[in-house]
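To convert, note that position 161 of the sequence shown is 165 in the working numbering; the numbers rise steadily by one, no gaps.
It should be emphasised that the hints constitute simulated quantities derived from the structure, not laboratory data.
Among the hints, erroneous ones may be present.
[As the list claims (entries may be wrong)] Once the Cα atoms are required to be at most 30 angstroms apart in a straight line, the calculated DSSO-like pairs of lysine-lysine come out as:
{"no.": "1", "residue 1": "Lys35", "residue 2": "Lys160"}
{"no.": "2", "residue 1": "Lys254", "residue 2": "Lys16"}
{"no.": "3", "residue 1": "Lys266", "residue 2": "Lys297"}
{"no.": "4", "residue 1": "Lys97", "residue 2": "Lys165"}
{"no.": "5", "residue 1": "Lys86", "residue 2": "Lys58"}
{"no.": "6", "residue 1": "Lys165", "residue 2": "Lys182"}
[What the hints assert, rightly or not] Ranges of calculated distance between the beta carbons of each label pair, as one might list FRET restraints:
{"no.": "7", "residue 1": "Pro245", "residue 2": "Asn314", "range": "45 to 53 angstroms"}
{"no.": "8", "residue 1": "Lys165", "residue 2": "Lys58", "range": "34 to 42 angstroms"}
{"no.": "9", "residue 1": "Asp132", "residue 2": "Gln238", "range": "38 to 46 angstroms"}
{"no.": "10", "residue 1": "His47", "residue 2": "Gly221", "range": "33 to 41 angstroms"}
{"no.": "11", "residue 1": "Gly222", "residue 2": "Lys19", "range": "38 to 46 angstroms"}
{"no.": "12", "residue 1": "Asn278", "residue 2": "Glu318", "range": "22 to 30 angstroms"}
{"no.": "13", "residue 1": "Ala87", "residue 2": "Met187", "range": "33 to 41 angstroms"}
{"no.": "14", "residue 1": "Lys58", "residue 2": "Cys105", "range": "54 to 62 angstroms"}
{"no.": "15", "residue 1": "Arg92", "residue 2": "Lys293", "range": "58 to 66 angstroms"}
{"no.": "16", "residue 1": "Gly222", "residue 2": "Arg282", "range": "50 to 58 angstroms"}
{"no.": "17", "residue 1": "Asn278", "residue 2": "Glu163", "range": "15 to 23 angstroms"}
All of these numbers come straight from a predicted model, not from anything done at the bench.
For each residue, glycine too, the CB sits at the ideal point set by N, CA and C.
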Amino acid sequence: MQLTFLGTSAGKPTKERNVSALALEFDQDNKWYLFDCGEATQHQIMRSRLSVGKLDTIFITHLHGDHYYGLPGLLSTKMLDKAFRPLRVYGPKGIRKFIGCALDISFEHLGYELEVIEYEAEETFVFDKFSLKVLPLVHSIESFAFYMKENDISNKLNEEKLRAIGMEPSPLYGELKKGRSIMFQGKQLDPKAFMLEPVLGRSLIIAGDNSEPAVLGGYLEDLDLLVHECTYTQEVYDNLPVKVLHTTAKELAHAAEEKHVKNLIATHIAPRYNKRSRFSVEMIFNEIKHGYKGKLYIANDFDVYILSRNGVVEKL
5 MQLTFLGTSA
15 GKPTKERNVS
25 ALALEFDQDN
35 KWYLFDCGEA
45 TQHQIMRSRL
55 SVGKLDTIFI
65 THLHGDHYYG
75 LPGLLSTKML
85 DKAFRPLRVY
95 GPKGIRKFIG
105 CALDISFEHL
115 GYELEVIEYE
125 AEETFVFDKF
135 SLKVLPLVHS
145 IESFAFYMKE
155 NDISNKLNEE
165 KLRAIGMEPS
175 PLYGELKKGR
185 SIMFQGKQLD
195 PKAFMLEPVL
205 GRSLIIAGDN
215 SEPAVLGGYL
225 EDLDLLVHEC
235 TYTQEVYDNL
245 PVKVLHTTAK
255 ELAHAAEEKH
265 VKNLIATHIA
275 PRYNKRSRFS
285 VEMIFNEIKH
295 GYKGKLYIAN
305 DFDVYILSRN
315 GVVEKL
């Protein structure tokens, strides 16, 4: 499972970071999924190894501009690239009106099937490689997280055991995978006797803006990977003249540690944390690390991470 961060800034783009967008790819798949689509996401895609033609589904966490203003341009470019593969967009109530208005006013004719689904909290959607549940968050408007559970692999044959009894790869392997008994050398073979233990699917949450990471509750328990906003360090947040509903590094660390989250990638970094400022990204990292013992990364634009089958996250 591979994640490519296309935008990691909070609120507005900076010279170092674009606004929110994240690509997700599954093993041995010919498509990819986009989570949020801030302004200029299509420019970020062009600078990556990703292809608009293979984009299958877009998920929008909430209707703040830095998370979805890039949609009209991306939808139009897909048409101009003659990438006519059908596309689905999942978003909260209002996303259909926004897309319809943008396309209607610009007299845009996409030339491909576009399906817009307005989800509600607690809804579950099933895809070919995973299921996705919509979880409500705490923000100034409705905002959501997506809990994804990859399908378990339960039909892997113990080929070593089959070869030990003299059966080489053949169509009989396919019959066993389908759960059917077969005859071999005069004996009936039960498929259960030749199956490996199921390989459990990976679990991850990609969250939108959220001031209370603990609201994710039991879904965080032993989670393989949490991708969550971390807009401020605690001291900076405490001194803001006007409080906004975003997560601090201290709060994120506490929630992730309490629920034993295995891997954490923090994103949605406030513009004040940059290479030319006295506020550095390392301040966010250090504050999280003070309270969280798991594996931690602070995402930058174009960072690529692999979540392996054994639940380990590594940066490429």
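**Request:** With respect to the beta-carbon atoms only, verify the hint that Pro245 and Asn314 lie 45 to 53 angstroms apart.
**Result:** 46 angstroms, holds
**Request:** Please test the hint of 50 to 58 angstroms on the beta carbon pair from Gly222 and Arg282.
**Result:** 39 angstroms, violated
**Request:** For the range 33 to 41 angstroms, tell me whether the beta carbons of Ala87 and Met187 fit it or not.
**Result:** Roughly 49 angstroms apart at Cβ, these two residues miss the hinted range, so it is violated.
**Item:** Pairwise beta carbon distance, Lys165 to Lys58, judged against the given window 34 to 42 angstroms
**Value:** 38 angstroms, holds
**Request:** Take the C-alpha atoms of Lys165 and Lys182, compute the straight-line distance between them, and say whether it is at most 30 angstroms.
**Result:** 18 angstroms, holds
**Item:** Distance restraint hint 38 to 46 angstroms, applied to the beta-carbon atoms of Asp132 and Gln238
**Value:** Holds, at about 42 angstroms.
**Asked** Quick one: are Arg92 and Lys293 within 58 to 66 angstroms, going by C-beta?
**Response** Violated, since Arg92 and Lys293 (Cβ atoms, about 38 angstroms apart) do not stay within the stated range.
**Request:** Take a look at whether the Cβ-Cβ distance between Lys58 and Cys105 falls inside 54 to 62 angstroms.
**Result:** About 27 angstroms separates the Cβ atoms of Lys58 and Cys105, which means 54 to 62 angstroms is violated.
**Prompt:** Regarding His47 and Gly221, is the given constraint of 33 to 41 angstroms on their beta-carbon distance met?
**Reply:** Since the Cβ atoms of His47 and Gly221 sit about 37 angstroms apart, the hinted range of 33 to 41 angstroms holds.
**Asked** Between Lys254 and Lys16, is the straight-line Cα distance small enough, at 30 angstroms or below?
**Response** 23 angstroms, holds
**Request:** With a cut-off of 30 angstroms on the C-alpha distance, tell me whether Lys86 and Lys58 pass.
**Result:** 12 angstroms, holds
**Distance restraint hint 38 to 46 angstroms, applied to the beta-carbon atoms of Gly222 and Lys19** = 40 angstroms, holds
Hint violations for this structure: numbers 4, 13, 14, 15, 16, 17, all remaining hints satisfied.
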